[in-house]
Amino acid sequence: MNPEKLNPEIESHLASKGSLELTYGLKKLQIAEIFGFIALGSSIMSVSLPLMNATLREG
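Just so you know, the sequence shown maps onto residues 0 to 58 in numbering that gives the first Met the number 0.
A portion of the hints provided could be inaccurate.
Now the in silico label distances, taken between C-beta atoms and shown as ranges [claimed, not checked]:
| # | residue 1 | residue 2 | range |
| --- | --- | --- | --- |
| 1 | L19 | G40 | 57 to 67 Å |
| 2 | S11 | M51 | 55 to 65 Å |
| 3 | M51 | G17 | 40 to 50 Å |
| 4 | F34 | T54 | 23 to 33 Å |
Restricting the straight-line Cα-Cα distance to at most 25 Å, the calculated cross-link-like pairs of lysine to any residue (SDA-like) are [claimed, not checked]:
| # | residue 1 | residue 2 |
| --- | --- | --- |
| 5 | K26 | I37 |
| 6 | K27 | A38 |
| 7 | K26 | A38 |
| 8 | K27 | A14 |
| 9 | K16 | F36 |
| 10 | K26 | F36 |
| 11 | K16 | L28 |
| 12 | K27 | V46 |
| 13 | K26 | S15 |
| 14 | K27 | L13 |
| 15 | K27 | N6 |
| 16 | K26 | V46 |
| 17 | K16 | K26 |
| 18 | K27 | I37 |
| 19 | K16 | I30 |
| 20 | K26 | S45 |
| 21 | K26 | L39 |
| 22 | K16 | G40 |
| 23 | K16 | Q29 |
| 24 | K27 | G40 |
| 25 | K27 | G17 |
| 26 | K27 | E8 |
| 27 | K26 | H12 |
| 28 | K27 | S15 |
| 29 | K16 | K27 |
| 30 | K27 | S42 |
| 31 | K26 | S41 |
| 32 | K26 | N6 |
| 33 | K16 | N6 |
Quick caveat, the hints were computed from the structure, so don't treat them as lab data. For every residue, glycine included, the Cβ atom is placed at its ideal position computed from N, Cα and C.
Please model the entire structure based on the sequences and the hints provided.
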């Protein structure tokens with residue numbers, strides 16, 4: 000068993016597994032951000048629409 004021959008295989012395997020977990024984590028983060036933006040946008044719309052309607056009626 001040659002440890003020098005084994006190390007690159009283990010390292011590449013660990014590296015690919017680590018990058019896979021990283022990209023999966025980033026995807027989960029992006030999805031959470033997208034839902035956060037949607038929730039923020041809808042709450043802003045629900046506040047700004049009545050204000051805009053009131054302004055349009057007065058104008």
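So, going through the hints one by one against the coordinates:
| no. | hint | result |
| --- | --- | --- |
| 1 | L19 with G40: 57 to 67 Å | violated, 32 Å |
| 2 | S11 with M51: 55 to 65 Å | holds, 57 Å |
| 3 | M51 with G17: 40 to 50 Å | holds, 49 Å |
| 4 | F34 with T54: 23 to 33 Å | holds, 30 Å |
| 5 | K26 with I37 | holds, 16 Å |
| 6 | K27 with A38 | holds, 16 Å |
| 7 | K26 with A38 | holds, 18 Å |
| 8 | K27 with A14 | holds, 20 Å |
| 9 | K16 with F36 | violated, 30 Å |
| 10 | K26 with F36 | holds, 15 Å |
| 11 | K16 with L28 | holds, 18 Å |
| 12 | K27 with V46 | violated, 29 Å |
| 13 | K26 with S15 | holds, 16 Å |
| 14 | K27 with L13 | holds, 21 Å |
| 15 | K27 with N6 | violated, 31 Å |
| 16 | K26 with V46 | violated, 30 Å |
| 17 | K16 with K26 | holds, 15 Å |
| 18 | K27 with I37 | holds, 15 Å |
| 19 | K16 with I30 | holds, 21 Å |
| 20 | K26 with S45 | violated, 28 Å |
| 21 | K26 with L39 | holds, 20 Å |
| 22 | K16 with G40 | violated, 36 Å |
| 23 | K16 with Q29 | holds, 20 Å |
| 24 | K27 with G40 | holds, 20 Å |
| 25 | K27 with G17 | holds, 15 Å |
| 26 | K27 with E8 | violated, 29 Å |
| 27 | K26 with H12 | holds, 21 Å |
| 28 | K27 with S15 | holds, 18 Å |
| 29 | K16 with K27 | holds, 17 Å |
| 30 | K27 with S42 | holds, 22 Å |
| 31 | K26 with S41 | holds, 22 Å |
| 32 | K26 with N6 | violated, 30 Å |
| 33 | K16 with N6 | holds, 15 Å |
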